[in-house]
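Q: Given the coordinates of chain A, work out where chain B should sit on it, guided by the hints.
There are 2 protein chains.
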Amino acid sequence: MSIASKGLEGVVAAETKMSFIDGEKGVLEYVGIAIDDLARNSTFEETVYLLWNKRLPTKGELERFEADLRSRYAMPAGLEKLITSLPKSATPMHMLRTMVSALGMFDPSPDKNDVVSARDKALSILAQTPAIVAGFDRYRRGLSLVEPKPNLTFAQNFLYLLNGEMPTETMARAFDVCMILHADHGLNNSTFTARVVISTLSDMYSALTAAIGSLRGPLHGGANEGVMVMLGEIPSVQAAEQYVLDKLAKKDKIPGFGHRVYKAYDPRATFLKTLAKQLAADTGNQALYEKSHRIEEVMDKAVAAKGIYPNVDFYSATTYHSIGLKLDLFTPMFALSRIGGWAGHVIEQLEGNRLYRPDAEYIGPHDAKYVPIGQR
Amino acid sequence: MSIASKGLEGVVAAETKMSFIDGEKGVLEYVGIAIDDLARNSTFEETVYLLWNKRLPTKGELERFEADLRSRYAMPAGLEKLITSLPKSATPMHMLRTMVSALGMFDPSPDKNDVVSARDKALSILAQTPAIVAGFDRYRRGLSLVEPKPNLTFAQNFLYLLNGEMPTETMARAFDVCMILHADHGLNNSTFTARVVISTLSDMYSALTAAIGSLRGPLHGGANEGVMVMLGEIPSVQAAEQYVLDKLAKKDKIPGFGHRVYKAYDPRATFLKTLAKQLAADTGNQALYEKSHRIEEVMDKAVAAKGIYPNVDFYSATTYHSIGLKLDLFTPMFALSRIGGWAGHVIEQLEGNRLYRPDAEYIGPHDAKYVPIGQR
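If you read the protein sequences in the order shown, they are chains A and B.
Oh and the first sequence: position 254 is 254 in the working numbering, straight run, nothing missing.
Oh and the second sequence: position 19 is 19 in the working numbering, straight run, nothing missing.
No lab work stands behind these hints: they were computed from the structure.
Fair warning: there could be bad hints in the mix.
[Said to hold, decoys possible] Derived pair list, reagent style DSS-like, types lysine-lysine, alpha-carbon separation capped at 27 Å: (1) B:Lys25 / A:Lys112; (2) A:Lys263 / A:Lys250; (3) B:Lys273 / B:Lys25; (4) B:Lys369 / A:Lys17; (5) A:Lys112 / B:Lys273.
[Said to hold, decoys possible] Here are some chain B residues the structure puts well away from chain A; computed CB gaps all over 12 Å: (6) Lys17; (7) Ser117; (8) Asn163; (9) Leu215; (10) Asp252; (11) Asp367.
Note that beta-carbon positions come from the ideal geometry of N, C-alpha and C, so glycine has one too.
So here's chain A without its partners, still in its complex pose:
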């Protein structure tokens, strides 16, 4: 049997109990629970527990999970030394890929990948990634690094490590919701990458490092930067309509609209839009939100009939900007959250592993001879 399908579209390459997508109907569920339900009611920590255990935790289980995660917030001292000797010009995604990989060098048994060890390593990496991203950002800004606080939630802790001060409640909540929304999404490219890599029975560090490298591509996680760039190019709310219509006339894509999977409204965008509005008002970024909203109105009239709606990137850009994140930290935020999903898939793969080893079709010459160099 030999089936060519470029990009493996339509080929089932894994089973999962984590997320379910119905793009036609605009449905995303984590372990059967609608994403909007989770966004409104859950937390990132609880969502990760759900993805890793395929059920919601009891109160006691959640408290223990949170305590365990929080006890691991600090990165190894050696890693902090490495981070503060990196080139300040490094882009955060190249830095993050390298530092998550580096964590494997500070682990006395990095290769262990029975399911218990794999979960343990995933929890540490998840806990330490905020310190890595925030630490590097402070270092490149010439600021000293901040110690994590084990009494903070994942979202609070990241924002505290980044800014050196406690975030407002709205900020922490909006950020937490972004983390929930990005945690898992079927067999996207980076998740598939993580499963392919672990299938050689390599290790959690190798799998997550590889996934970060995939995520940074502009056809994947890198897309959310484009929304912010567009918002920067539009001088005012009034100018938004003409900008969009001009782009559409030239058949240019509008960043943050449309999704390979969704032909209906991206279910991750609904609640985020509400939060983005509130956060923009709180932080004096109302004009930015209004620009976004105006773009959506124009797009709705122009192309919604074709199934092109705002996706999760669209309002997460406004959210991240309102929180004060620099543009090149947008994709690392995606990674922070998706580590939950990647790690869950790695564990699923380990539970029923088979090496990924597809075929290539060879389309070159055969039976060529090695011609000595003097005779070429």
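A: For chain B alone, kept in the frame of chain A given last:
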């Protein structure tokens, strides 16, 4: 269309003009030239040129390619500083994955991936990997790092950087042949990983870093360490027969025998066997070679009829040991060589890219409700 094939076996996931494998007949060709022909007559540099350009170079082209490669042997000063501040206990594959990733932070435009830029970055990474591996090994042994010499071949340069002295001709030749033999091998897991990662239009660093992570798994590149472990467990040539028969009786696998792809003699093992013998004699490792040879004889009687023959790992273990490489440097040697193949595949992918985005089959619950924590 939806086809489940665990491990994607039998699914064509890419086209390539680089290598062709006929496992039944024991054929491996690079761009149509039999691997044995290349091993006997070519060099690693010429082989990489062949894989990247789909033809052998003229004398002038090869000279320019070699000169370009050699001019890039030295790693960035910042990277050398990083290497000499890593934990000495780090395993070389975790180190190599991290340092190849780190190279992206020293590149002022790491994300460029037009084909010309991608080749340029690949050439630098290929040139600098020997300095990274040898540099870390010297650092952990407490020795000072050695400056690369631009008048040396790739193989000579690596052995010189590792040992601080020029290798013998036989050593350099045997090592060069190992590099030729491991450079490409169809759509193996690490090569597939590299293509999946670059398909998001990420970058050469992300793709090669991911591939190194895949290679280190025991179901892939990590397998060659097992051969050496086995040789260490067999006290003498005389003891080899009983050791092998005992293992076979227990249905244990014999490291270095059999290959998912080859049902005939691995075409990479033929010439390597000759070289391993000569090198062992030169370096006083004759007993080791004789042990290997005896294992092959016993296996030939016992299981060759079932299509189980020595694979490339079997005699590369003896070769690497005779050269003086420590066990945990065996898989990094595979990586050094395979970077040639990985980079070639990344370039092929960029030339006709489509995002890899297979489907997952969701096998969990649906329409679950978020139950408030107090009611669970």
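Q: Does each hint hold? Answer for all of them.
A: Evaluated hints:
In summary, the hint linking Lys25 of chain B to Lys112 of chain A is not supported, as the alpha carbons are separated by about 37 Å, beyond the 27 Å threshold. Between Lys263 of chain A and Lys250 of chain A, the direct Cα distance comes to roughly 22 Å. Compliance with the 27 Å bound is thereby established for this hinted pair. With a CA separation close to 19 Å, the supplied pair Lys273 of chain B and Lys25 of chain B stays within the 27 Å bound. The straight-line distance between the Cα atoms of Lys369 of chain B and Lys17 of chain A is roughly 16 Å, inside the 27 Å bound, and the hint therefore holds.
Between Lys112 of chain A and Lys273 of chain B, the direct Cα distance comes to roughly 33 Å. Violation of the 27 Å bound is thereby established for this hinted pair. Its closest Cβ contact with chain A, about 4 Å, brings Lys17 of chain B to no more than 12 Å, contrary to its assignment away from the interface. Once the 12 Å rule is applied to beta carbons, Ser117 of chain B is consistent with being away from chain A; the minimum gap is 15 Å. The claim that Asn163 of chain B lies off the interface holds: its Cβ sits roughly 24 Å from the closest Cβ of chain A, which is beyond the 12 Å cut-off.
Under the 12 Å C-beta cut-off, the non-interface status given to Leu215 of chain B relative to chain A is violated; the minimum distance is some 7 Å. At the 12 Å boundary, the C-beta of Asp252 of chain B stays outside the reach of chain A, the nearest C-beta of that chain being 17 Å off. The beta carbon of Asp367 of chain B sits about 6 Å from the closest Cβ of chain A, which is not more than 12 Å, so the claim that it is off the interface is violated.
Checked against the numbered hints given earlier, the structure breaks hints 1, 5, 6, 9 and 11 and satisfies all the rest.
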